[in-house]
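Build out the structure end to end from the sequences listed, making use of the hints.
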Amino acid sequence: MSDDIDSIFQRAKRGKALFLDRKALSPEYIPDHLPFREQQISAVAEVLAPALHMSKPSNLLLYGKTGTGKTAVSRYVLSKLMAEEPSLNIFTPYVNARIAGTEYLTLWEIASSLGLTIPKTGLAIAEVIKQIFSVIQSQSLNVILALDEIDYLIHSYGDNILYQFTRAGERTATGFLSIVGISNDLKFKEVLDPRVLSSLGEEELVFPPYTVEELRAILAERAAVAFKQGVVPQSTVNLCAALAGSEHGDARRAVDLLRIAGEVAEREGFQRVDDACIRKASEKVEYDRVEEALRSLPLQNKIILLTISKFQQGTNTGEVYTGYATLAKRIGAEILTQRRVSGILAELDLLGLVEAAVVSKGRRGRTKRIRLLIPTDTLEKIISEDPSITAAA
DNA sequence: CCTCCACTGGAAACCTAGGCTC
DNA sequence: GAGCCTAGGTTTCCAGTGGAGG
Numbered sequence: 019m020s021d022d023i024d025s026i027f028q029r030a031k032r033g034k035a036l037f038l039d040r041k042a043l044s045p046e047y048i049p050d051h052l053p054f055r056e057q058q059i060s061a062v063a064e065v066l067a068p069a070l071h072m073s074k075p076s077n078l079l080l081y082g083k084t085g086t087g088k089t090a091v092s093r094y095v096l097s098k099l100m101a102e103e104p105s106l107n108i109f110t111p112y113v114n115a116r117i118a119g120t121e122y123l124t125l126w127e128i129a130s131s132l133g134l135t136i137p138k139t140g141l142a143i144a145e146v147i148k149q150i151f152s153v154i155q156s157q158s159l160n161v162i163l164a165l166d167e168i169d170y171l172i173h174s175y176g177d178n179i180l181y182q183f184t185r186a187g188e189r190t191a192t193g194f195l196s197i198v199g200i201s202n203d204l205k206f207k208e209v210l211d212p213r214v215l216s217s218l219g220e221e222e223l224v225f226p227p228y229t230v231e232e233l234r235a236i237l238a239e240r241a242a243v244a245f246k247q248g249v250v251p252q253s254t255v256n257l258c259a260a261l262a263g264s265e266h267g268d269a270r271r272a273v274d275l276l277r278i279a280g281e282v283a284e285r286e287g288f289q290r291v292d293d294a295c296i297r298k299a300s301e302k303v304e305y306d307r308v309e310e311a312l313r314s315l316p317l318q319n320k321i322i323l324l325t326i327s328k329f330q331q332g333t334n335t336g337e338v339y340t341g342y343a344t345l346a347k348r349i350g351a352e353i354l355t356q357r358r359v360s361g362i363l364a365e366l367d368l369l370g371l372v373e374a375a376v377v378s379k380g381r382r383g384r385t386k387r388i389r390l391l392i393p394t395d396t397l398e399k400i401i402s403e404d405p406s407i408t409a410a411a
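Counting from 19, one number per residue, gives the positions in the first sequence under our numbering.
It should be emphasised that the hints constitute simulated quantities derived from the structure, not laboratory data.
On a predicted model such as this, the values are computed, not experimentally measured, just so you know.
There's no promise every hint is true.
[To be verified] Quick list of simulated restraints, FRET-style, between CB atoms: (1) Phe329 / Ile143: 35 to 45 Å; (2) Asp395 / Asp293: 21 to 31 Å; (3) Tyr181 / Lys138: 16 to 26 Å; (4) Arg389 / Glu310: 13 to 23 Å.
[As the list claims (entries may be wrong)] With a straight-line Cα cutoff of 27 Å, these simulated BS3-like cross-link-like pairs (lysine-lysine) come out: (5) Lys83 / Lys207; (6) Lys328 / Lys379; (7) Lys205 / Lys83; (8) Lys41 / Lys98; (9) Lys298 / Lys246; (10) Lys328 / Lys302; (11) Lys74 / Lys207; (12) Lys302 / Lys83; (13) Lys41 / Lys246; (14) Lys328 / Lys347.
Glycine residues also receive a C-beta, built at the ideal position from the N, C-alpha and C atoms.
Rendered as structure tokens:
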């Protein structure tokens, strides 16, 4: 804070010299070629190619852990496809179900991308689906829908939408809707209706994690585009690849890491992005992830998390509930039932903010063993920014 | 081997906010 | 504006259960 404004600007001016094209490291950036995914690219292209003859491609399922290139490959192929024959009415909306939030909002995004104007709430799901099909039909749209985090959708809302969509072929005389489903979870198929599964999984493709070697090559390539020459030494790339590689070969994380490290170096006025920058970036990436997750949490979930943070040694559902009830009362918030709190604990577990494993303690009953997975001080700092909590504290 | 605790988690009913129709 | 619709969050109800202590 005490930094003299001139020196800040001086550093920024010097630092700016590090980046050539920072966009090459942004999450939306799709490179001209995706190394180590040639096989998947041609497989996806093969499946989708019939769209160029106005016939409906098979539905397609892509599996793989986060950062294995599923999204990049599908976006890459779809953009090529659109570029190939712009005269055809090919639409390739991309929707992430988890980011959209609910079943309805996922549909809302799909509908919007097809040019429909739909209220964000109030309509029946069946009504939105009807409108989507009717616009496909009336304007002869050829739609290939990339539906990301499809496993989230199924888990939380069932396969109703997919059931409707996979029957699209039977419902439209002109135009079509094909689905490219993208999933992080290989097991989600188990809960699918067999009819949906056989239709959606007409074609399947698995994305293996990148090896550390591959990550290194990818990073080197991106770094060459993003940074000036000599700014990122080989050892930095190696460390970055190693860090991301230990997290199941997540390329997105590796690229994020490099970008943030570059920003750190820039801010500090360094001439090079060194190992220390990468380590700092690694902390920041983790902090940002937690921060974002915490901020977007509903009030009740925050109160529950705050309660859990009081038990550093770990705790259980009953204990959390009594603590939560007291805290909620003091804050003046509504007090939820234990059933609901139990459900929220499961949600927080899914988000990776707490660990909530069901354990049996014999005669002393069953409960969830609950442990906070994020640093207490981070949690308290971010949650105390919520006005309805601060006011009471 | 049986009991019985402290919950879990499914199912259904209820509530609220918002759109639609007339 | 009244009356009807639905989605999503919550409550109510409750059968089910893993395993330590008996």
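**OP:** Below or equal to 27 Å on CA atoms is what counts here, so check Lys298 against Lys246.
**Re:** 21 Å, holds
Original post:
Hey, Lys41 versus Lys246, does the alpha-carbon distance stay inside 27 Å?
Top reply: With a Cα-Cα distance of about 13 Å, the restraint between Lys41 and Lys246 holds, given a limit of 27 Å.
Original post:
For the pair Phe329 and Ile143, does the Cβ-Cβ distance stay inside 35 to 45 Å?
Top reply: 40 Å, holds
Original post:
Can the restraint linking Lys328 and Lys379 be considered satisfied, given a maximum Cα separation of 27 Å?
Top reply: This hinted pair holds, its Cα atoms lying about 22 Å apart.
**OP:** Could you say whether the range 21 to 31 Å given as a hint is met by the Cβ separation of Asp395 and Asp293?
**Re:** 26 Å, holds
**OP:** Would you check the hint for Lys41 and Lys98, treating anything up to 27 Å between C-alpha atoms as holding?
**Re:** With Cα atoms ~20 Å apart, Lys41 and Lys98 stay inside 27 Å; holds.
Original post:
Between Tyr181 and Lys138, does the beta-carbon spacing fit 16 to 26 Å?
Top reply: 23 Å, holds
Original post:
Taken at face value, is the distance from the CA of Lys207 to the CA of Lys74 at most 27 Å?
Top reply: 23 Å, holds
**OP:** With a cut-off of 27 Å on the C-alpha distance, tell me whether Lys328 and Lys347 pass.
**Re:** 17 Å, holds
Original post:
For the pair supplied as a hint, Lys205 and Lys83, is the alpha-carbon distance within the 27 Å limit?
Top reply: Given pair Lys205, Lys83 holds - Cα atoms ~12 Å apart, limit 27 Å.
Subject >> Satisfaction of hint between Lys207 and Lys83, Cα-Cα up to 27 Å >> reply: It holds: about 15 Å lies between the C-alpha atoms, which stays within 27 Å.
Original post:
Is it true that the C-beta distance of Arg389 to Glu310 lies inside 13 to 23 Å, as the hint says?
Top reply: 21 Å, holds
In the structure shown, no violation is registered for any of the earlier numbered hints.
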